[in-house]
Each structure stands twice: as C-alpha cells, then as structure tokens.
Amino acid sequence: MAILDLIGSSPKFRALLTEVERVAPVDSAVLIQGETGTGKEVIARAIHEASPRRHHRFVALNCAAIPSALLESELFGHERGAFTGACTQTKGRFQMADGGTLFLDEIGDMPLELQPKLLRVLQEREFERLGSAQTVRVNVRVVAATNQDLGELVSKKLFRADLFYRLNVIPLCLPPLRERVQDILPLTEYFVAKFAACLNKPIDLIPDEVVAVLKAYDWPGNIRELQNFIERAVLFSPGPVLRLPLDFKQPVRQNAEGAESALGTLADADREHILETLKQTDWLIGGQDGAANRLGLPRTTLVYKMRKLGIETRRSARVRPIRLADERCHAAASC
Numbered sequence: 053m054a055i056l057d058l059i060g061s062s063p064k065f066r067a068l069l070t071e072v073e074r075v076a077p078v079d080s081a082v083l084i085q086g087e088t089g090t091g092k093e094v095i096a097r098a099i100h101e102a103s104p105r106r107h108h109r110f111v112a113l114n115c116a117a118i119p120s121a122l123l124e125s126e127l128f129g130h131e132r133g134a135f136t137g138a139c140t141q142t143k144g145r146f147q148m149a150d151g152g153t154l155f156l157d158e159i160g161d162m163p164l165e166l167q168p169k170l171l172r173v174l175q176e177r178e179f180e181r182l183g184s185a186q187t188v189r190v191n192v193r194v195v196a197a198t199n200q201d202l203g204e205l206v207s208k209k210l211f212r213a214d215l216f217y218r219l220n221v222i223p224l225c226l227p228p229l230r231e232r233v234q235d236i237l238p239l240t241e242y243f244v245a246k247f248a249a250c251l252n253k254p255i256d257l258i259p260d261e262v263v264a265v266l267k268a269y270d271w272p273g274n275i276r277e278l279q280n281f282i283e284r285a286v287l288f289s290p291g292p293v294l295r296l297p298l299d300f301k302q303p304v305r306q307n308a309e310g311a312e313s314a315l316g317t318l319a320d321a322d323r324e325h326i327l328e329t330l331k332q333t334d335w336l337i338g339g340q341d342g343a344a345n346r347l348g349l350p351r352t353t354l355v356y357k358m359r360k361l362g363i364e365t366r367r368s369a370r371v372r373p374i375r376l377a378d379e380r381c382h383a384a385a386s387c
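In case it helps, my numbering puts the sequence shown at residues 53 to 387.
Any given hint could turn out to be false.
[Claimed, not checked] DSS-like cross-link-like pairs, simulated, lysine-lysine; straight-line CA separation at most 25 Å:
id, residue 1, residue 2
1, K208, K143
2, K209, K246
3, K357, K331
4, K169, K208
5, K143, K253
6, K360, K331
[Unchecked claim] The calculated label-pair distances, taken between Cβ atoms and stated as ranges, are:
id, residue 1, residue 2, range
7, V78, T353, 53 to 59 Å
8, E231, P77, 25 to 31 Å
9, P290, R172, 56 to 62 Å
10, V221, T140, 34 to 40 Å
11, A117, G151, 20 to 26 Å
Everything labelled a hint here was simulated from the structure, so no lab data went into it. If you're wondering where the values come from, they're calculated on a predicted model, not measured in any experiment. By construction, the Cβ of each residue, glycine as well, lies at the ideal position given by its N, Cα and C atoms.
The whole structure should be built from the sequences, with the hints applied where relevant.
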C-alpha cells in the first residue's frame, strides 16, 4: 500500500493501516503515539483523507513549537486589541479547521493552564477568542499525537487526566522502523526515486550490500532519519549506483541476525566505492578534480579511510601543471 507516503507491507504496519481504515469514518478523537520520526502526521493526514471530512481543511499545529504565551491565540484566535500587537481580529486553528480535522502534534507539551480550555472545546465544541465574550461554535475532529507517555505525565500531574481520557478515545501506536525491517527496502526505493528526481541524479541500482546495511542499522530517528540519510546518499553517489556516505556510522541492533556480516559488507562496499572513485580520478586524491572532492570528504579523512581499508596510495599519472613560480625557480637553479 502506498498512499500519502504510507509505504510498507510488514505485519505491524498492515495492522496499523487496518486500524486507520476502521477509525477514519467516525468523528471520535484519536491519540497517535510513537517515537520521533515514525510519521505521526502522515497517519493523521491519512485518517483525514479517508474520512467524510476530506473535502474540508486539514490543519496542523505543533504545540511544542509555539511559545506558551502565544499558543492560546494560535488555537482559538484573538480580537483586535486583546494584547499588545493584536491589530486585527484573527481566527485560530480551531476555526480554520471548522468542518475538517485539527492535528495537534506534541500534545504532551501543551501548558497545564491551557488544557481546560482545550477540554471544553472537545466536549462542547465551543470556545471564546482572546479578548471576546462571544462564543464561537465549531465542528472539528481532533487528532492528537505525542512521543511521550501521557499516562506517566498524568501520574506526575504534568497532564490533566480528564483531557487524557478525552483524547485517548481511539489510541493508535506507530511501530518504530526497527520493528518494520521488511519495509526498509520499499521505503528506500521510494526515497531514492524522490531525491534522484529532485537532485537530478539518476540512480538505477541499489546494491544488495547497501540494503543489508540499512536493514541492520537501528534507525533511532526512524523514517525521518532514513529519509535524510537517503537524500545524502543520493547526493554523494558518484554514479547511477547508490553508495552509502563514507562517514556513515555503523551501530546496529543488539543481537541482530547477520549484523556482523552486514558490517563486513559495509567495509567491503566502502572499499569498492573508494577504489572506483580513485580509478575515475586516476588516483588523484586531493584538489578540485580529486577523489576526496568527489566523495565529499576532506583529503585527510579519505587518506585515513584508505589506510583503514588497506588501500595503498599510488602516484597519479596525471601531469601536474607547472605554475609560473615553478618555472622561475627552475630558471634560477639553472643559472
């Protein structure tokens, strides 16, 4: 399945997509929980697009990205003169999302003093803008997301229990990428095609040894980390074959099957990649046309990696252009 970047066929991901299809038609609040980078907003958009509200707006707000003093205005809007700098009446995100879906990311970071007003909107579907006594009614479905344990925050009195229960009507848990190893290849293929087009760098082949390394890696940043990594790999691959960046660190899952062989494969792939680039540059390491520049590495880093991988340096057959200063020195020495 591949809609709205929902790519994967692993059992855990298929089960999640089944839940998305089941909850999309109803208006109940959804709480999406998962580690950073697992794609919580993508799932929220999928719920919206599969719901009867898809013809109205999907509005997103990251609660952690807005200062506490401004978050109330962002959510509910304000009247002219409500505070210093409020020159005009402004609609908040709830009013913008009327008839559609409001996605509240990082809901665990919402200030305690603002939570009762959010609870009221969820229960009564009404609120007042800052500086106004007029009640505004809205029809909004709220989908919230967090990478924190809200139950633990409730026990520490850092999150209201009544708001937690109101948001947690339909809980969805996103599996981390390390539990979706089967999906790493199709995700990689998707990102390679995307960035090859964006960067105008055709990539025709993803070698098996590269796939093995990607599957062995733990991906603590999940899909977002994989996406950023593939963008860098496409950018620095010298030809149509995807190559791993040479500064790629190699931590893998504990007791992962085939981890040791994957690391060995990575070293072999690094060695082959460096040798291929050196051959293309006629063993010229430094300079504008040298291998280090092509690989996007400092010259000293490339020399260190060559020694580590047992690659002996060779003298380049390219003739170094003689500069005028060299000619003068030669003339002086001949006098």
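Structure-based check of all given hints:
1. K208 to K143: Violated, because 34 Å separates the two Cα atoms, which is more than 25 Å.
2. K209 to K246: Between K209 and K246 the Cα gap is close to 44 Å, so the pair fails against 25 Å, i.e. violated.
3. K357 to K331: 16 Å, holds
4. K169 to K208: Since the Cα atoms of K169 and K208 sit roughly 21 Å apart, the hinted pair holds (cutoff 25 Å).
5. K143 to K253: 43 Å, violated
6. K360 to K331: Since the Cα atoms of K360 and K331 sit roughly 18 Å apart, the hinted pair holds (cutoff 25 Å).
7. V78 to T353: 53 to 59 Å: 55 Å, holds
8. E231 to P77: 25 to 31 Å: With Cβ atoms ~28 Å apart, the hint holds.
9. P290 to R172: 56 to 62 Å: 59 Å, holds
10. V221 to T140: 34 to 40 Å: At 36 Å between Cβs, range holds.
11. A117 to G151: 20 to 26 Å: The hint (20 to 26 Å, Cβ to Cβ) holds, given that A117 and G151 are roughly 25 Å apart.
In summary, the numbered hints that this structure violates are 1, 2 and 5.
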